[in-house]
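Asks: Sequence:
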Amino acid sequence: MHDASVRFMLKPSEIKDLGSFALSYDIWPWQTWDDLVASWLSQAHGIFGQLGIGEQEWGGSSILSVVHLVFERAEAQEASPPTGISNDVPIYLFIRPLPRPCDDEKRWDAWLKGSKYFWSFDCSGSDEIPDHERLKLGLPFLEADLGVWHHSWDRDAYDVLEMIHRSRRFDPTSAELARSLRRLILEVVGDDARFKELNLKNSNDGVDLRQTQRFPMTFPNRIQWLRMHRSSYPYLKWSPQRSQELVGIIDID
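Quick note: the sequence shown, position 167, residue 167 per full-length UniProt numbering, numbers continuous.
Careful: at least some of the hints might be erroneous.
What the hints assert, rightly or not - Within a straight-line C-alpha distance of at most 25 Å, the following computed SDA-like cross-link-like pairs (lysine to any residue) qualify: (1) Lys106 to Tyr117; (2) Lys16 to Gly125; (3) Lys11 to Lys113; (4) Lys136 to Gly147; (5) Lys113 to Arg7; (6) Lys136 to Phe21; (7) Lys16 to Ala74; (8) Lys113 to Tyr92; (9) Lys106 to Phe121; (10) Lys106 to Ala74; (11) Lys11 to Lys136; (12) Lys11 to Glu72; (13) Lys136 to Ser20; (14) Lys113 to Leu184; (15) Lys106 to Glu143; (16) Lys136 to His151.
What the hints contain is simulated information worked out from the structure, not anything from laboratory work.
Assemble the whole structure, with the sequences as input and the hints as a guide.
Replies: So this is what it looks like as structure tokens:
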């Protein structure tokens, strides 16, 4: 919709079958993802140096790629159709918009603490069904969970990258290699104050972010990377023997 919210239209008879579903939000357009990865790998040493991140932390630094917002019917609720509503009357489920990466901490905090969805009989969503009415009608309560996909490389990968820089007589802490490959030049925006440690459980929506470790309240505009725990879905471990694969990723002839 125009405000980036998502609308589902359901018949009352279909609501009893409503189980879990997920919405995925790409932080970077997939058509530019390869360029971003190559730009990061060719400039990582310099960015680590600017931010004072030691070698022991390199493997825990990640590029954020996708945010998943998962909804599931509360376990205590019986899966039954709503009462007192004709099956000819559509019901709309609206998912409130996720804040934009450039939004400030206040906006993200308000979203985290607020309701993630609402029900309405109005297709525009201008008239929300209040909680007491929702309970009376038997409309389900949904719990929300937030997941983050991010990609990281281990220390061996960064050692190989340093060798690639030096083989071309480039300073690994400079952007010379990226420029020679015509890659995006990344710029550090802000500092660690832009990241906030979260360990909360919102009783209203069941949002649990403890598994995320660090969640950005404001994303940098030109470089999207996080100091996070090792990804559950990391790239394969790298070794000097696999250096040709890294060369392929950053597209060195």
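Asks: Checking each numbered hint in turn, tell me which of them this model violates, lowest number first.
Replies: 3, 4, 9, 10, 14 and 16
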